[in-house]
Amino acid sequence: QQQVKQSPQSLIVQKGGISIINCAYENTAFDYFPWYQQFPGKGPALLIAIRPDVSEKKEGRFTISFNKSAKQFSLHIMDSQPGDSATYFCAAHPNFNKFYFGSGTKLNVKP
Amino acid sequence: NAGVMQNPRHLVRRRGQEARLRCSPMKGHSHVYWYRQLPEEGLKFMVYLQKENIIDESGMPKERFSAEFPKEGPSILRIQQVVRGDSAAYFCASSLREGSGSGEQFFGPGTRLTVL
Chain A
1377 QQQVKQSPQS
1387 LIVQKGGISI
1397 INCAYENTAF
1407 DYFPWYQQFP
1417 GKGPALLIAI
1427 RPDVSEKKEG
1437 RFTISFNKSA
1447 KQFSLHIMDS
1457 QPGDSATYFC
1467 AAHPNFNKFY
1477 FGSGTKLNVK
1487 P
Chain B
-17 NAGVMQNPRH
-7 LVRRRGQEAR
3 LRCSPMKGHS
13 HVYWYRQLPE
23 EGLKFMVYLQ
33 KENIIDESGM
43 PKERFSAEFP
53 KEGPSILRIQ
63 QVVRGDSAAY
73 FCASSLREGS
83 GSGEQFFGPG
93 TRLTVL
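Those protein sequences? They're chains A and B, same order as listed. 1377 is the number of the first residue of the first sequence in the working numbering; add one for each residue after it. -17 is the number of the first residue of the second sequence in the working numbering; add one for each residue after it.
The hints are simulated quantities; they were obtained by calculation from the structure and are not laboratory data.
Per the computed footprint, the stretches of chain A lying under chain B, defined by three or more beta-carbons under 8 Å from a beta-carbon of chain B, are: (1) 1420 to 1434; (2) 1474 to 1480.
Computed, partial: chain B to chain A, Cβ under 8 Å: (3) 23; (4) 38; (5) 87; (6) 89; (7) 90; (8) 92.
Cut-off 25 Å, straight-line C-alpha distance, at most; resulting in silico cross-link-like pairs (DSS-like, lysine-lysine): (9) A/1434 - A/1486; (10) B/26 - A/1381; (11) A/1486 - A/1391; (12) A/1381 - A/1444; (13) A/1418 - B/26; (14) B/33 - B/53; (15) A/1444 - A/1433; (16) A/1434 - A/1444; (17) B/26 - A/1482; (18) B/33 - B/44; (19) B/44 - B/26; (20) A/1381 - A/1433; (21) B/9 - B/53; (22) A/1418 - B/9; (23) B/26 - A/1447.
We put the CB at the ideal spot given by N, CA and C, even for glycine.
Could you put together the complete structure from these sequences and hints?
Encoded structure:
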């Protein structure tokens, strides 16, 4: 059973547009929700993360929206750039233990 | 400040051989995690180790796979008698001790294993 469900699988956005990736989880014990960015041939790198005690966190062009009651969280990339083209993974974990990753979203930002 | 180091970056093995993957965590990190990533898929947890202890190996196949994190030296993920289905990218991550900071895991560049 997949602990974290991510959608869409792939996303094409025009330069300057907003990219939105969604994740949903079931386990209410999860208390840390990071997003990772992965370029081809590289390891995942932490982009932004949120805890369930806040509903939104913004860092530059990247925003996480968190809905605790719906058990959903999403990543918004404002003013998307071609350099943002990568695969994005949401993740969740309880108590600093292993991470459960979503299946990934391949983002392609067209110039 | 070096990040998580993994070697080799690429490893080619024939069916039946052994694969040995190494991971050096970030300085000061005592928690190591191994993940496997198949092409076009997400990362799947394999094992979580602290120095000299396996904390959680629920994601690791019961046969042929083993992991260790000795008191001195890198963490090792060992795959015996490799099969074609073992071909994947294997990522190591490390984090600071439990309960401190964000619990963020820092990932290495991965080892891409190809089994011929």
